[in-house]
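Sequences are here, hints too, so could you generate the full structure?
Take a look at the letters that make up each chain.
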Amino acid sequence: MTPSYDAVLSESVTLAGHGGDPIEGYLARPLAPGPAPGVVVIHHMPGYDFDAKQITRTFAVQGYSALCPNLYWRDAPGASPDDAAAKVRAEGGEPDDRCIGDVLGAARYLRGLANAGGKVGVIGFCSGGRQAYLIGCSTDEVDAVVSCYGGRVVAGPEDLTPRRPVAPLELTAQLHCPLLGLFGAEDANPSPEHRARIEEELRRHGKDFELHSFDGAGHSFLQHDRPAYRPEAAARAYELIFDFFGRHLGPPAFAPAG
Amino acid sequence: MCTYLTEHVALSGSAKGQLGWFPVSTASVYFDHPFDAPFEHALCIDVLDPASGPAARVAVELDPAAARALAEAILATLASAESMGALSAH
Numbered sequence: 001m002t003p004s005y006d007a008v009l010s011e012s013v014t015l016a017g018h019g020g021d022p023i024e025g026y027l028a029r030p031l032a033p034g035p036a037p038g039v040v041v042i043h044h045m046p047g048y049d050f051d052a053k054q055i056t057r058t059f060a061v062q063g064y065s066a067l068c069p070n071l072y073w074r075d076a077p078g079a080s081p082d083d084a085a086a087k088v089r090a091e092g093g094e095p096d097d098r099c100i101g102d103v104l105g106a107a108r109y110l111r112g113l114a115n116a117g118g119k120v121g122v123i124g125f126c127s128g129g130r131q132a133y134l135i136g137c138s139t140d141e142v143d144a145v146v147s148c149y150g151g152r153v154v155a156g157p158e159d160l161t162p163r164r165p166v167a168p169l170e171l172t173a174q175l176h177c178p179l180l181g182l183f184g185a186e187d188a189n190p191s192p193e194h195r196a197r198i199e200e201e202l203r204r205h206g207k208d209f210e211l212h213s214f215d216g217a218g219h220s221f222l223q224h225d226r227p228a229y230r231p232e233a234a235a236r237a238y239e240l241i242f243d244f245f246g247r248h249l250g251p252p253a254f255a256p257a258g
Numbered sequence: 001m002c003t004y005l006t007e008h009v010a011l012s013g014s015a016k017g018q019l020g021w022f023p024v025s026t027a028s029v030y031f032d033h034p035f036d037a038p039f040e041h042a043l044c045i046d047v048l049d050p051a052s053g054p055a056a057r058v059a060v061e062l063d064p065a066a067a068r069a070l071a072e073a074i075l076a077t078l079a080s081a082e083s084m085g086a087l088s089a090h
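Chains as they are written, first to last, in my numbering: chain A, 1 to 258; chain B, 1 to 90.
A hint or two may mislead.
Sample of chain A residues with no beta-carbon within 10 Å of chain B, all distances over it, derived [what the hints assert, rightly or not]: (1) Gly156; (2) Leu202; (3) Glu210.
Partial selection, computed: residues in chain B whose CB lies under 10 Å from chain A [stated by the list, open to error]: (4) Gln18; (5) Tyr30; (6) Glu40; (7) Leu48; (8) Ala55.
Ranges of calculated distance between the beta carbons of each label pair, as one might list FRET restraints [stated by the list, open to error]: (9) B:Ala66 to A:Pro162: 28 to 38 Å; (10) A:Pro3 to B:His8: 48 to 58 Å; (11) B:Arg68 to A:Gly112: 33 to 43 Å; (12) B:Ala51 to A:Gln174: 39 to 49 Å; (13) B:Lys16 to A:Ala255: 20 to 30 Å.
Calculated from the structure, these hints are not laboratory results. Glycine included, each C-beta is placed from N, C-alpha and C at the ideal position.
Here it is as C-alpha cells:
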C-alpha cells in the first residue's frame with residue numbers, strides 16, 4: 001500500500017488587490033486535482049510574517065488553497081515584516097476599504113485556480129479578525145468567515161478613524177455568510193462583554209453563527225511563538241475552524257493530515 | 001488588543017540600526033502589541049528617518065515600568081547636564 005497523495009506547493013505570488021494594484025501574497029495549495037475550497041488568510045497586526053505564512057501552509061496541508069495577501073506591501077515593499085508593520089501602525093493601520101479590496105482580490109485569485117472548488121472563506125487574526133468580520137458584512141463574494149479574537153468589532157465613536165470609519169458590529173445586518181468567532185475568555189478586547197454584544201447582534205439579525213470562548217486564554221492565543229499561546233485552546237480552535245470550513249466551503253481536496 | 005495609541009515626536013540627531021548610523025527626524029511612541037518582547041503590550045519606541053525607508057528604524061520594546069524608568073533617566077540626565085552648563089549650546 002502506498003501513502004496517500006498529499007503534495008502541496010507554497011510560494012510567493014503577485015495578485016491584483018484593491019484598485020487593481022499588484023501586491024504580494026503567499027499562496028499555498030494542494031497539488032491534487034481537487035476541487036479545493038479556498039481560504040484567504042488575513043494576517044495579524046504585526047504583519048505578513050513567518051506566522052502568517054505558517055498558517056497559510058497549514059490550510060494547504062489540510063486540503064485548502066490558501067492565500068495570504070500582504071496588506072502592507074504598498075506601504076513598505078520588500079521591507080521586513082516588523083518594519084512594514086511599524087510603518088503602517090504608525091500611520092493608523094490598514095485602511096478598511098483597501099483591506100476589503102485586497103481580500104477580494106485574493107478571493108478572486110483563488111477562484112481562478114484550475115482546481116478551485118468555487119467557495120472561498122476568510123479567516124483573520126487579531127486586527128485581521130476585525131477585518132474578517134467587516135468583509136463578511138461588506139461583500140457577497142465570501143462564503144464563510146472566521147474571526148479569531150478580532151478586537152474593535154465593537155467600537156464607540158471615539159475608536160473610529162478616517163482609515164477605520166466604521167464599527168463592524170454596526171454592519172451586522174449585512175453579514176451574508178456563516179460566521180465563526182473564537183475568543184479568549186481573558187482577552188480585554190474583544191472582552192467577554194464584547195463577545196456578548198456581538199452574539200446579541202448576530203442573533204437579533206438572525207445570522208448563521210457560532211461563537212466559542214476559551215477559558216485561560218487571552219488575546220493571540222493561537223500565536224505559537226508568543227507567550228499568549230495556549231496549546232490546548234489552539235488545538236481545539238483549529239478543530240472548530242476545519243469543521244466549520246468543511247461544512248460551509250465543501251470538503252477539502254484530500255483527507256486531512258493527521 | 002491593537003491599541004493604535006501613538007505619539008509622534010519630531011527629533012534631530014542620529015541613531016544606529018541595521019543600516020548603521022543614520023540621521024533621525026521623528027520617533028513614534030506607542031503602547032501596543034510588541035513584535036518581540038514577551039508581553040501582550042509594551043511601550044514601544046521607533047526612532048525613524050522615514051525619508052530613508054522603513055528599515056531606517058531603531059526599535060525598542062519595554063515593559064511599562066522599564067519605560068518609566070527610562071523616561072526618568074532621560075530627564076535626570078538632561079537636568080544634570082543643564083546644571084553643569086552643558087546644555088547652554090543647545
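Here's how the hints hold up against the structure:
1. Gly156: holds, 14 Å
2. Leu202: Fine: 21 Å to the nearest Cβ keeps Leu202 of chain A off the interface.
3. Glu210: holds, 22 Å
4. Gln18: It holds, given that the least Cβ distance between Gln18 of chain B and chain A is near 9 Å, below 10 Å.
5. Tyr30: holds, 7 Å
6. Glu40: OK, holds: Glu40 of chain B within 10 Å of chain A, min 6 Å.
7. Leu48: holds, 8 Å
8. Ala55: holds, 5 Å
9. B:Ala66 to A:Pro162: 28 to 38 Å: Holds, since Ala66 of chain B and Pro162 of chain A (Cβ atoms, about 33 Å apart) stay within the stated range.
10. A:Pro3 to B:His8: 48 to 58 Å: Cβ of Pro3 of chain A to Cβ of His8 of chain B: about 56 Å, so the range 48 to 58 Å holds.
11. B:Arg68 to A:Gly112: 33 to 43 Å: Distance hint for Arg68 of chain B, Gly112 of chain A is violated at roughly 53 Å.
12. B:Ala51 to A:Gln174: 39 to 49 Å: Given a distance of about 42 Å, which is inside 39 to 49 Å, the answer is holds.
13. B:Lys16 to A:Ala255: 20 to 30 Å: Hint violated: Cβ distance 53 Å, outside 20 to 30 Å.
Of the numbered hints listed earlier, those contradicted by the structure are 11 and 13.
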